[in-house]
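Protein chains: 2
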Amino acid sequence: MRIAVDAMGGDFAPEAIVEGVVMAAAELPEDVTVVLIGRQSVIGELLNKHNSESAATIEVVHAEDVIDMGEHPTKALSQKPNSSIGVGFKLLKDKQVDAFCSAGNTGAMHVGALFSIKAIEGVLRPCIAGFVPQINGGHAIMLDIGANADCKPEMLAQFGEIGSIYAQYMFGIAAPRVALMNIGAEEQKGSLVAQAAHQLLKDSRRINFIGNIEGGDFFASIADVIVTDGFTGNAMFKLGESFYPLAKQRGIDDEFIAKTNYESVGGSPILGVNGNVIIAHGISSPLAIKNMINLAIQQVKADAYTKIAQVLA
Amino acid sequence: MRIAVDAMGGDFAPEAIVEGVVMAAAELPEDVTVVLIGRQSVIGELLNKHNSESAATIEVVHAEDVIDMGEHPTKALSQKPNSSIGVGFKLLKDKQVDAFCSAGNTGAMHVGALFSIKAIEGVLRPCIAGFVPQINGGHAIMLDIGANADCKPEMLAQFGEIGSIYAQYMFGIAAPRVALMNIGAEEQKGSLVAQAAHQLLKDSRRINFIGNIEGGDFFASIADVIVTDGFTGNAMFKLGESFYPLAKQRGIDDEFIAKTNYESVGGSPILGVNGNVIIAHGISSPLAIKNMINLAIQQVKADAYTKIAQVLA
Chain A
1 MRIAVDAMGG
11 DFAPEAIVEG
21 VVMAAAELPE
31 DVTVVLIGRQ
41 SVIGELLNKH
51 NSESAATIEV
61 VHAEDVIDMG
71 EHPTKALSQK
81 PNSSIGVGFK
91 LLKDKQVDAF
101 CSAGNTGAMH
111 VGALFSIKAI
121 EGVLRPCIAG
131 FVPQINGGHA
141 IMLDIGANAD
151 CKPEMLAQFG
161 EIGSIYAQYM
171 FGIAAPRVAL
181 MNIGAEEQKG
191 SLVAQAAHQL
201 LKDSRRINFI
211 GNIEGGDFFA
221 SIADVIVTDG
231 FTGNAMFKLG
241 ESFYPLAKQR
251 GIDDEFIAKT
261 NYESVGGSPI
271 LGVNGNVIIA
281 HGISSPLAIK
291 NMINLAIQQV
301 KADAYTKIAQ
311 VLA
Chain B
1 MRIAVDAMGG
11 DFAPEAIVEG
21 VVMAAAELPE
31 DVTVVLIGRQ
41 SVIGELLNKH
51 NSESAATIEV
61 VHAEDVIDMG
71 EHPTKALSQK
81 PNSSIGVGFK
91 LLKDKQVDAF
101 CSAGNTGAMH
111 VGALFSIKAI
121 EGVLRPCIAG
131 FVPQINGGHA
141 IMLDIGANAD
151 CKPEMLAQFG
161 EIGSIYAQYM
171 FGIAAPRVAL
181 MNIGAEEQKG
191 SLVAQAAHQL
201 LKDSRRINFI
211 GNIEGGDFFA
221 SIADVIVTDG
231 FTGNAMFKLG
241 ESFYPLAKQR
251 GIDDEFIAKT
261 NYESVGGSPI
271 LGVNGNVIIA
281 HGISSPLAIK
291 NMINLAIQQV
301 KADAYTKIAQ
311 VLA
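Here the protein sequences come in this chain order: A and B.
Residue numbers for the first sequence follow the UniProt record's numbering, so the first one is 1 and each next one is one higher.
Residue numbers for the second sequence follow the UniProt record's numbering, so the first one is 1 and each next one is one higher.
For the record, the hints were derived by calculation from the structure and aren't laboratory data.
Any given hint might turn out to be false.
Any copy, or any two copies together, can satisfy a pair, since identical chains are not distinguished.
Claimed, not checked - Here are the simulated DSBU-like cross-link-like pairs (lysine-lysine), alpha carbons at most 30 Å apart as the crow flies:
#1 202 x 75
#2 152 x 189
#3 75 x 189
#4 90 x 189
#5 80 x 90
Isolated chain A, as found in the complex (with noise of 0.2 Å):
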């Protein structure tokens, strides 16, 4: 198995990123191999920093280019062919690594994804999935979380049945719930897209729906599944992640709260594209891009994306 990761992106790049990488490695089986790709002669000299003995084999593929993180993510992917995250995409599309991985532009990850693996065939919008711990224990997975602000109801209903699929492959449950995240418990509440997509949700064959929940039922373990829009997904996302450096701040240590760290699992993956692709917080740390490798190794063996093109196509 080959994961690709972006040397060059994210806030801490490159240092941050080979450090989590050698971290990984240091970890990993024999029969995985990290790509870094980017600036050769920089990594290089990284790598040659940290007393790097794993088992893992560690590679490097040279990109001469870097996407900055404020740059126009189609307009720099089109420029700079040779940047990290081009080169990377180049590797999935040829299927010379299994997934692909950056802390660097998402929007570049976002369109860069759809340009080369490109969607899957009857996805209407892919999507970021977050991971939301929940507080008896394991995820929730939460699409959309920033990708596509303005939802149509057809498209939340077709994130509960991406999610539903992701969830079962990945965290093994057989009918995963899904919940649609609204302002009232009654089908009839919230905006006219939440009540147009609760429809379809519960028409839905594909999926095991179990209404609506509300912002109080984020980590509650009442669904493994959470429907909504991009704005609202990523808002919510955000505040769920700020427990963790808000609770650190006043000197308070617990293992649930630790979870909304969001170095805890590291990265999210864009789903409904044709491959695995996680993207990774711009400020990510060692620990966080050691994570990010974690899920992405798990994500290539449970095979979600090709699950979801059987069951979507």
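Please build the complex by placing chain B on the supplied structure of chain A, with the hints as guidance.
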């Protein structure tokens, strides 16, 4: 000053409401009268149980009917003019009380306000404002947190103006920092509505607009007024409120997290109407009711709704 309280509204009414009123009255000055509205015999019996020795007076106004939590607001209000909510709004409209508070049917409270004291002229849509505790002390006011699930940019821009006036007179801040809840800092980020609202807020000369904030800034003491639609606002507000029960369940006792407990403020005002209307959680405890009454008193003193009418007229 006369504060009316719906004795019959809430999951634990009338017991919890009467107990909360007795608690509040024990600490209130002489010039405050709390007017309990509901079935006289029931309230009388409950008041007799409490050894009420307070400077403030508790009055009872009889209302034969009760609007249940699940009833359709408009239908219930027209069919039950003698409900506690119906009577409360009659008193408020006739200026026999200075504020009306209820933990009952939120929809009926909202519709009741629109039908009786009515929206302030020039206000597109009244909204519900939530108090969000801030890490460096005090609260931000977030609006809308649930009255309007679908919002137009003009509504959001006006929420910013209404919230700014409210924060000015309630918190004594000369130029409250108004922020738009969004999914990125840049002004072109977010849903189409958020993008358009950003421009309107930026152009408004009535407010001190500081730009977009994100979900992670919810408690961050960055803004005094947080503008959002009633869907996102409701979901985020309830998620924020869930921090306290979650922490409590984990055995965490923290002064700041305790402020995220819904009981600590006890209510949320409906803003943009010609009077002081405060709604509280259905699950309100006596402590929540007590704090709701204190909020109402503070709001009557600040005379915020008159100021809003003066600015927007």
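Open item on the list: Flag every earlier hint the structure violates by its number, smallest first.
Closed with: none
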